[in-house]
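Generate the whole structure from the sequences, applying the supplied hints.
Each chain, letter by letter, is given below.
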Amino acid sequence: MSEVVLRGVTAGYGGEEVLSEVDLTVREGTTTAVLGGSGSGKTTLLRVIAGFLPPRSGTVAVGGSPVVGPGTWVPPERRGVAYVRQDGALFPHLSVAGNIAFGLPRPRRRHRERVLELLDLVDLPASMADRRPDQLSGGQQQRVALARALAPGPALVLLDEPFSSLDATLRAATREATARALKGAGATAILVTHDQEEALSIADEVAILAAGRFRQVGRPEVVYREPVDTGVATFLGDTVLLPGTAAHGQVECRLGRLPVSGPQPGGLVEVMIRPEQISLTAATAGALDATVGRVTYFGHDALVELVLADPAGVSPLRARVMGPQAPAPGDRVGVSVQGPVRTFPDRRTNPPVATVSG
Amino acid sequence: MQASSRAPGGVLLLATAVAALTVLPLLGVVANALSAGTQLAADYLFRPRVGELLGNTALLVGATVPATVVVGAIAAWLVERTDLPGAGVWRGLLLAPLAVPAFVSAYAWVTVAPELTGFTGAALVTSMAYFPFVFLPAAALLRALDGGDEEAARSLGLSPAAAVMRTVLPRLRPALSGGALLVTLHLLAEYGVLEMMRFQTFTTAIMQRYAVGFSDASGSLLASVLLGLCLLALVAEVLARGRRRVAQVGAGAPRRPAPARLGAWTAPALAFLTALVSASLLVPIVTVIRWLVAAPSGAGPVGAHLAQVTISTLGLALLGAAAATTAALPGAWLLARHHSARTLLLERATYLASALPGVVVGLALVTLSVRWARPMYQTVGLIVVAYAILFLPRAMVSLRAGLAASRPELAEAARSLGLGGGATFRRVVLPLIGPSVLTGMVLVALAVGTELTATLLLAPTGTDTLALAFWREASELDYAAAAPYAAVMVALSAPLTILLRRQIVEVP
Amino acid sequence: MTRTHRLRTAALIAPALGLALTACSAGSAPPQETFQAQPGVLQIYSSQHRNVTEAWASGFTARTGIRTQVREGQDSSMGQMIVAEGEASPADVFLTENSPAMTVVERAGLLAPVAATTHGQLSEGLAPSSGLWTPIAARSTVLVYNPAQISADELPSSIMDLASPEWAGRWGGAPGGADFQAIVAGMLAERGESETAAWLKALADNAEVYQNNIATMNAVNAGQVPIGIMYHYYWYRDQAGTKEGSANTALHYFGGQDPGAFVSLSAGGVLASSDMSAEAQQFLAYITSPEGQRILVESGSMEYAVGAGVESDPALPPLAGLYAPVVDPSALNSETVVSLMTDAGIL
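Chains as they are written, first to last, in my numbering: chain A, 1 to 358; chain B, 1001 to 1508; chain C, 2001 to 2347.
These are computed hints drawn from the structure, not numbers from a lab.
We put the CB at the ideal spot given by N, CA and C, even for glycine.
Warning: the hint list may mix true and false statements.
Claimed, not checked - One side of the interface only, derived from the structure: several residues of chain B facing chain C at Cβ under 10 Å:
hint, residue
1, V1050
2, R1209
3, V1212
4, S1354
5, Y1377
6, S1475
7, D1478
Said to hold, decoys possible - Ranges of calculated distance between the beta carbons of each label pair, as one might list FRET restraints:
hint, chain 1, residue 1, chain 2, residue 2, range
8, B, D1083, A, G237, 45 to 51 Å
9, A, G186, B, G1422, 28 to 34 Å
10, B, H1305, C, S2158, 24 to 30 Å
11, B, T1326, A, Q135, 45 to 51 Å
Shown next, in the form of structure tokens:
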């Protein structure tokens, strides 16, 4: 498994440009999730790396050797880049074992051990080896596709929205099995998805792709807690936004004087708070009292809508509380913010470059 | 997102060349027809005799096509949507007439009921021979249709019969119109049956003209009219097919509807199907066997010649199949992988080619080769070209199905697993296309093996085929001598039934 | 695709493939699978009956050692084909069933004069005036009738009578064939265009059309129609065989030099462009020689021999006694016949 480096890659179809000057580095043995909405260029990115779409400019290097660049073009079959599609693309005329062993050189194709090893890696029983692809469920097909991709020991594995065609119950289990298999094989992988939960849970790094460019690349917790702008912030999860004024390492806003983490623009700012940072206390007669509106109960947690006595420019105030602590609608509670918040330059005076759509 | 790569130039060129070849007979015939001048052409065409031929053709089409549509649709309904006993057996029996060449059927009927000639005989024999062309697509469609529409209609208050009328019948339209088109084209191209039944239409007149005038303008004039009729049929079918959507709207797995109960209608239904199978299948087969058994001694020389002729027929059939498949390959590949406005033109040309009768292609190639390509004249190469032109559409259908099965994503997956172009083709594309290609080749080979008119015109002297030998003996009314050739033709065509049955039963 | 599916497809194709492969490798491929004129071999284009032509060819080879290659075809189309092939035609010898096909080639100027000695072997008065071809066999027009449906005295006295309305629907023939067209050509030469055209019109309106002479005879035999016009030898052949097609029929010869007694000559000619003209002339000489004519008689085709002193099959009435009309074969014009038939709506 090897490191993958993209520099200045621009690519598109016909007259369109889909990717503009993208840079990306994926370290050896790690999984990077490329997160973006439809039309953001995720699949294009994978096709460029795999070799099915020549870029207009830029370089791609796998394991230190360039595969695409000025004067360089390595055809797909010689790149050592495995590509797992959304629909698995298993060969219907071969058995599961035949599919998995497909990329192996001829003498090794006969060896069952490698096939069984890989089936084990993707958490499938050995009895599956002689079944036909059309006899498998969607999740099983995806795992076989992954096993097939891993069998020849590729330098890089590309996964194109591998779980989106599975129904919810299968998705989580398949995701976990995939993450384990990739780790178990020490694979370098790029996984492309539009599902933020998926990206955050299995990746070592998350790269947000919007309108052909990377907005932010970093560890999941960093990207989540310290988004580079409100667009990325709202893409990754629920937010509570309100205006505020910066003041010496803190920000003054409707919910009080709060500590700030990350860059601190001066003057008028927009404050971003995650619902899980808002905790509910007993009601006190004060400015931070609120009435509970709708409560959406999820079992393990609940999303509580709150109405302040004087809302004043606060976007819908929502708090995420643990299940047992969920209040009832109409209760009066006190609101307090835990942990530092993020601030961004005010959008009215500094409109953002582009929005990230989900 | 799919990379819209441009179609490779070489393939495009090949496909265009093939399309041009299929249109060539059309041009050749029309050019020859007008070679004597437009005045002469007009004089020749506007005669009572041509009117008589047109009238006969219209009469035959007007009687046979509705008959086959009605019979085929009812049979398909009975087999696929009711609780008819022995449906599986009936399905095979109702397809089997396709394995019996129509002229063999005519030969049988002429010996069984000699009074049945002229229009009645022609209409009867052709209806019995061609109703499977309607039965096959109708049965395939009815089998694949789910009951959702009907149930919805029932829950809206329609009676069972009305529900069928208003939900199933409209969906059946493309199958019925497609089948009707096939029947019409076969009728327009039919020679053997009509000659035996002494019912004059354009094909018999063209062959007659060829016998006296070789390849003069008058034969081509008649051929041009025939071509016009064929094209008219094509246009009519497009209009009749309708533009309404037939595919299922909305998600959800298709469910087979419950079979309708025949009850008291079981006996009449069985009687109807028995009569149908007897007339279309039993009469020809039993008659051929009867003549085989009644044959006087002379089995020695007949046997040797029979073996010779069978082998040369098979040789020609395989050559024709290979030629048609190879010719269809560039076009099918383009249509499957790089479908665009340009390739649509190719599709149209192929569609046109499917309407060419054997007699027109034969006459055109004779005319063209005598005038412009003398070395090719009266060679096996020329007749194989004729077969390729005639049966290209059939090969194309199978190839396209195979290419659809062999999706480009699979080839990409193979390449990303480290296989180069050649290995990908060998291990992924070929195994997936292979079965369809083979099926296509078998279908073409069987069609070539029973082809009569183009073979009569183009076969190099000294080349004998089963159809030619049969025709020779039958023309001299030597029914016993004709029987062995008929028997071999039917026996060799039997696998056709199995192949076609699969098209109904194994839904893609 | 599943394995059973594959096995089944293979099972269907394997026998066919196997047979075809044997075909390719089999040494016993049919002779002349592709027709290619072999140099040094006499090319015979023949529309005469196959068994007669082959008997003549093998007899000739046995006697002279010259090898032959026969190409079969139909009368008129083969004649037209030779004309279309022109100077480049590989044909050395052309044999026809009826003479009009030969006169087409004659008029195109493609024939070489036949050696006088060949003509000398013929019975008197048969050779054409132009001397560009030779008769090789003869056949007579006859009326075949079903005695159960019509008695001998009710029969028409002349073939021209069949044009009158009383015979409507009661007679049949095969006008699409070269045989019948030769009969009409004789009629044309004897009676002229207007009478022939009128007769043809009546045929188109009132007569039953059959595929060929055998079909005509069978129809009369089966009682579908009481009278048919055809050539004599079909009847005699059937009578010598199973009698299936003629058991209920009898023949009537018109005689009296009526057009209905027309005797058509089968013709043989040498192509001027032939590169083996000496051998070709030898061939014609052979088939008109007593030996060649005996081969014709013994072949069972029941045609009349044209060689001097050669007796035709004993079952046949002598040719001289048929009182055929005297027609110069070179005057027979099949093209006019075709255009008359076209105008009448038959073709």
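Which numbered conditions among the earlier hints are violated in the structure presented, ordered from lowest to highest? The structure breaks hints 4, 8, 10 and 11; every other hint is satisfied.
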